Each structure stands twice: as C-alpha cells, then as structure tokens.
Amino acid sequence: MSAIVQVRDLVVSYASGDGPVCAVDGVSLSIGAGESVGIVGESGSGKSTLGMALGRLLAPGAAIEGGDIVVDGQSVARCSAPELRRLRRERLGFVFQNPMSALDPTLRVGRQLALALGREATPERIHELLGRAGLDTPATVARRFPHELSGGMAQRVTIAMAIARRPALLIADEPTASLDASIQGLILDLLLSLVRDTGASLLILSHDLRMVARRCRRTVVMYGGCIVEAGDSREVLAAPAHPYTQALIRAAAGHEGHGGRLTPIAGVPPVLRGRATACAFAPRCAAAQPRCHAERPAERALHGRTVACHFADAVPAQLHAAESP
Amino acid sequence: MSTPGRAILLRRLRRDRLGMLGAVLLLLLLLLSVLGPVLPLGDSTEIGAGPRLGPPTAAFPMGNDELGRSYLPRVVQGIGVTFALSSAAVAITALIGTALGIAAGYLGGVVDGLIARVADVLFAFPALLFGLLVAAVVGPGQISAIVVISTATLPLFVRVIRSVALSVAGREFALAAVVAGASPWRVMAVHILPNIAGAAIVQLTYALSIGMLIESGLSFLGLGVQPPDASLGSLLRLGSVYLNVSPWLALIPGVVLALAIMSVNLLGDAIRDGLEPLRGRALT
Numbered sequence: 001m002s003a004i005v006q007v008r009d010l011v012v013s014y015a016s017g018d019g020p021v022c023a024v025d026g027v028s029l030s031i032g033a034g035e036s037v038g039i040v041g042e043s044g045s046g047k048s049t050l051g052m053a054l055g056r057l058l059a060p061g062a063a064i065e066g067g068d069i070v071v072d073g074q075s076v077a078r079c080s081a082p083e084l085r086r087l088r089r090e091r092l093g094f095v096f097q098n099p100m101s102a103l104d105p106t107l108r109v110g111r112q113l114a115l116a117l118g119r120e121a122t123p124e125r126i127h128e129l130l131g132r133a134g135l136d137t138p139a140t141v142a143r144r145f146p147h148e149l150s151g152g153m154a155q156r157v158t159i160a161m162a163i164a165r166r167p168a169l170l171i172a173d174e175p176t177a178s179l180d181a182s183i184q185g186l187i188l189d190l191l192l193s194l195v196r197d198t199g200a201s202l203l204i205l206s207h208d209l210r211m212v213a214r215r216c217r218r219t220v221v222m223y224g225g226c227i228v229e230a231g232d233s234r235e236v237l238a239a240p241a242h243p244y245t246q247a248l249i250r251a252a253a254g255h256e257g258h259g260g261r262l263t264p265i266a267g268v269p270p271v272l273r274g275r276a277t278a279c280a281f282a283p284r285c286a287a288a289q290p291r292c293h294a295e296r297p298a299e300r301a302l303h304g305r306t307v308a309c310h311f312a313d314a315v316p317a318q319l320h321a322a323e324s325p
Numbered sequence: 326m327s328t329p330g331r332a333i334l335l336r337r338l339r340r341d342r343l344g345m346l347g348a349v350l351l352l353l354l355l356l357l358s359v360l361g362p363v364l365p366l367g368d369s370t371e372i373g374a375g376p377r378l379g380p381p382t383a384a385f386p387m388g389n390d391e392l393g394r395s396y397l398p399r400v401v402q403g404i405g406v407t408f409a410l411s412s413a414a415v416a417i418t419a420l421i422g423t424a425l426g427i428a429a430g431y432l433g434g435v436v437d438g439l440i441a442r443v444a445d446v447l448f449a450f451p452a453l454l455f456g457l458l459v460a461a462v463v464g465p466g467q468i469s470a471i472v473v474i475s476t477a478t479l480p481l482f483v484r485v486i487r488s489v490a491l492s493v494a495g496r497e498f499a500l501a502a503v504v505a506g507a508s509p510w511r512v513m514a515v516h517i518l519p520n521i522a523g524a525a526i527v528q529l530t531y532a533l534s535i536g537m538l539i540e541s542g543l544s545f546l547g548l549g550v551q552p553p554d555a556s557l558g559s560l561l562r563l564g565s566v567y568l569n570v571s572p573w574l575a576l577i578p579g580v581v582l583a584l585a586i587m588s589v590n591l592l593g594d595a596i597r598d599g600l601e602p603l604r605g606r607a608l609t
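Just so you know, the protein sequences line up as chains A and B, in that order.
Take the first sequence: its position 278, counting from 1, is numbered 278 in my numbering, and each next residue is one higher.
With positions in the second sequence counted from 1, the corresponding number in my numbering is that position plus 325.
Since the hints were made in silico from the structure, they are not lab data.
The structure presented is a predicted model; accordingly, all values stated were derived computationally and were not measured.
A hint or two may mislead.
Stated by the list, open to error - Not the full set, but computed from the structure, chain B residues with beta-carbon under 10 Å of chain A:
#: 1; residue: R336
#: 2; residue: G433
#: 3; residue: G495
#: 4; residue: A505
#: 5; residue: N520
Positions of the beta carbon are idealized from the N, C-alpha and C atoms, including for glycine.
Make a model of the complete structure from these sequences and hints.
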C-alpha cells in the first residue's frame, strides 16, 4: 500500500503570551491509500493541529518547527503558494466540526458547491454530489440557504463540498461533535462509505475512542502532542496497551456492566512549554514510576502496534491489580 | 447581503416607526433638493428680488437674505449641496474603507498592522484642523471639503469593517474556501464582502451624518463651498451675522441641518436593529 500521507517527527508550536506552546511534539504517522485512520485525543492533545498542518492551514502564530509532512509526494511544509493551492484543491478535503459555520450564510448551497467544484460545476454534478452525500432532494437543497438546513443536512452539504474534487485524503475534524447523537453514527458511516467508493484515505479526528475505533481500520491515540498508541482498531479497543488508552476506555460510557461506574481521568491535560522531556501522561498515570517522570518513552512495537510507554508490557497486570484489590 | 436577510430586514424596517420617520424625512429632503431647480420656488441668485433681510411673506416663504435674494431656493440649494458633497465623500470612504477593512481583517499580519496604525493616526487628528490644512494647500472649495470628510470618516469605517471582517475570516467557511483552492482575493470578494455588507451599510449611514456635520462646519468656517453657491453651513454662517435682526436666516438652515442629520441617524439605527438578530444568527 503506497502512503498518501507521510508525517515524520513533526513539531508544531504556537506563539503565546508566555512563550511558545508545543502542540504537536514529534509525531510520525503514515496513512496508506484508501486507509481509514481515526486519531483520538482530548482537547489540547494536538490532533486538530496535526490535521490542520496536513493542509498547512495552521492559524497565524503556529509554526512548523521540525519534521516534515509529505502529502501525495509533495512536501506540504516546503512547497510554494501555487503548489500549496493546487494540493489543497485537488488532493485534500476537509470536513469541519460545526457545519453551520463551515457554510457561508450569504450563499445558496448550490452556489457554494459550484465554487468548490470550480470549472466542473454543472447543476447535474452539484445534484449528484448532494445525492451521494445522502440528501434525498438535491435540487431542493441546492436552492436553500444554510440557515434553512438542519445540522445533519448541513454537515452532509459540507461533506459533498469536501469530496467535490475527488480528494485523495479526506480529513474530518470532529465531524459529529455538534450533531445530534442520533445522526452521529450515520454521518461517520457516510464518510466511510464515500471513501470506500472513491478509494480516498480518511482521517477522522475525534475524542470518542469507541465510535472511531469501531469504524476506522487503524486507531491512533494522541496525548500531549504525542502519539501514545497506534495500531489496528480492534486490537487497540480490545486490549489497550497504553495506560492513557485504558483510562479513556474506562472513562467513556458503553462497556460497563449493570451498576458499573465510569472512571474519570484525574487531573487535566498538560500545556507543553517546549518539547517534553518525560512522559506527558505521567502526572495523571495510575501506574507511573520514577522513570516516567525522568525519561521520555520512545515509540516501540508491542503486540503488533506502537506504544510510547516504558512499562507497556507490565502495565495491564498492574492496573488490573489496582482495580480489583 | 443574502436574499432572506434582505426580506427580513425590509419587514423589520417597515415596523420600525422612528426608522420610517427618518426614511420619509430623508426622502423628502432628497426629493426637494433634487427637484429644487425645476420646482417654482423662485431664483436663488436674483439680487434684490425682495426687501433686504425681509421677513417671511407669501411671495418669499422663508424671507430674503442680506442681498434681497429669496431665501427658500437658497436653502433648497444648500440642502442639495450638503447632501451631494457629504454623499460623494462618504461613497469614497465606503469604497476605500471596505477594501482596507477587509484586507486588514482577512490578511492580518503586516497589512493589518500598517492599515490599523494609519487609521489610528488619522483617527487622532482633529477633522477641522485637517480641514484648515487642506484648504490652505489646495484652496477652499468642494474638492477640499470632500477630501476632509473622507479622511475624517475613513478611520472609524476601516476599524469597524476590520473587526467584522476579522470575525468572519475566523469562521470555518473562509477556511473551507481556502481548502477548495480559492485565492485570498476570491475569499475576500465572494465570502467576506457579502458577510460584512450589513455592517458596512450601517456604518455608511453614520458616516453620512458625520459627513454632513463636517461639511456644514467647513462651510460655516468658509472652507467649504464658495459663494454664490450655498450649503447649509454657509447659510448658517451668513444667518448668524444677522441673528438679532432676522433670526430665521440662521434658524431655518440650522433646523433643516438638524432634521437631515437626525433622519440619517434614525434610518441607520433602524437598519442596525433590523440586522442585529440576523448577524446574531449568522454567528451561530
């Protein structure tokens, strides 16, 4: 499988009033053609920054300080402005969190799709796209203004816009976070079936581990700007190796038995000033050892996945012991 | 502005009584000044048409000025000149101000810093002092009046448009357009401009009322239109000389000026109120 995205040791930091804040701290990631990858993490884990960096869409004040991003053979960090525009237009599609703010309130849906399509824009093509995004009455929807649509319909329109130019990579940043729970699954399924049909790769950024891991082939868990665990979704979900992944699963509703309790993760995510020199999760980790506070764990292969934890092999037993005294 | 937005705005405007009063008054004054030359009001330049400083009579409804000219056609001409000069100046302000405001708000960085600093400097400079300066350099007259009004109303216009453009630029559809490969020019023209149009219209009405005030002030000081042309400001100045003999010469242009400015402000407030919830909605 050839890689559509190759991220190597990426470091991104934001300028802030009290010095730079390191949002992405040495991330390496590769996404194959047609692969679906879910990146899971809390707010501030760096997943959105990573997603935006793939299209060099970082906010002013954010800088790529190290590493490289190659999308479809082209270095995103180093290409010229016209090359970047062509890359964005022809290879990338973005779906944003809030569809209402991702649509221009002053333009009809059809006109916005026409702008996304560029030269290929014809009414037939616009209706076809809306239809593929699961809208039953494309002609009616095309004449509507965004405020006349429901949240779910609006998100389908933004998805139609994102796939208009047949992108090689579709990046969806919390695509369901602002939608009703009843349609969240439908929207994710739509994204997956669209990339299956077109052969595009899909990158979903989410805070919902279970929702993403059930649908994407591969799951990447981020914490404090680093990838802490990455591997086949089923395996990560069934047997999480990193203490943070385990904590995420315990904190989310779904699997607990009758009368069971959810365990929130104590503490708050870190704000990284400069690159981390220790394990970022150590202050909140139930199984942290002195070494975790002193030495940054390297990513290593374990049970067919990568884990960044000094004690990943020993942790499950320890945590189980801690849980059932 | 979007079509449904326009429909809602018009419906709200029709319900706003003060706003309607302002609109009707403004329309009357505009009609009067446009139709003034063809209406049977009398000749504004005929010296000695009536008694000098004569009081209002049936033949001269607003009396006569110090040269015996009929005052009514002169006031009507004054309204027209005041409107024309301030509108021309505000049109320039709106064009330049919208372009600069959008560029500053959307492009940010150095462009924003430069535009914002220049606007701040202009903002800090007193308009009338600047008027004296311009009049001294290019000579008093219509051109210098337009230049002064434009430079005086520009900074606030730019700052308001900049802040609105900044908030629009931060919304995801601007980013989505960039992903779709749109150039900065296209994002600004197709996405930012229509979204700030409402704010620009409101700001335009305020600029117009300030413009009329500045125009009158300049003409009052003799830096605006020159005789025999009249503007409300120059009439006010002449009238003030004869305040104790024929007070209506100052009173009439003063009241008309106040009414004109009030009508523009009422209309501006009504448009702002009409757009407020729309803007609120757009931000969700």
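Hint check:
Hint on R336(B) is violated. Least Cβ distance to chain A is approximately 16 Å, over the 10 Å limit. For G433(B), the interface hint holds, the least distance from its beta-carbon to any beta-carbon of chain A being 6 Å, beneath 10 Å. A cut of 10 Å between beta carbons decides the hint on G495(B): the least distance to chain A is about 9 Å, and the hint holds. Hint status for A505(B) relative to chain A: holds, with the closest Cβ pair at about 5 Å, below 10 Å.
Evaluation of the N520(B) hint against chain A yields a held restraint, the C-beta minimum of about 6 Å falling below 10 Å.
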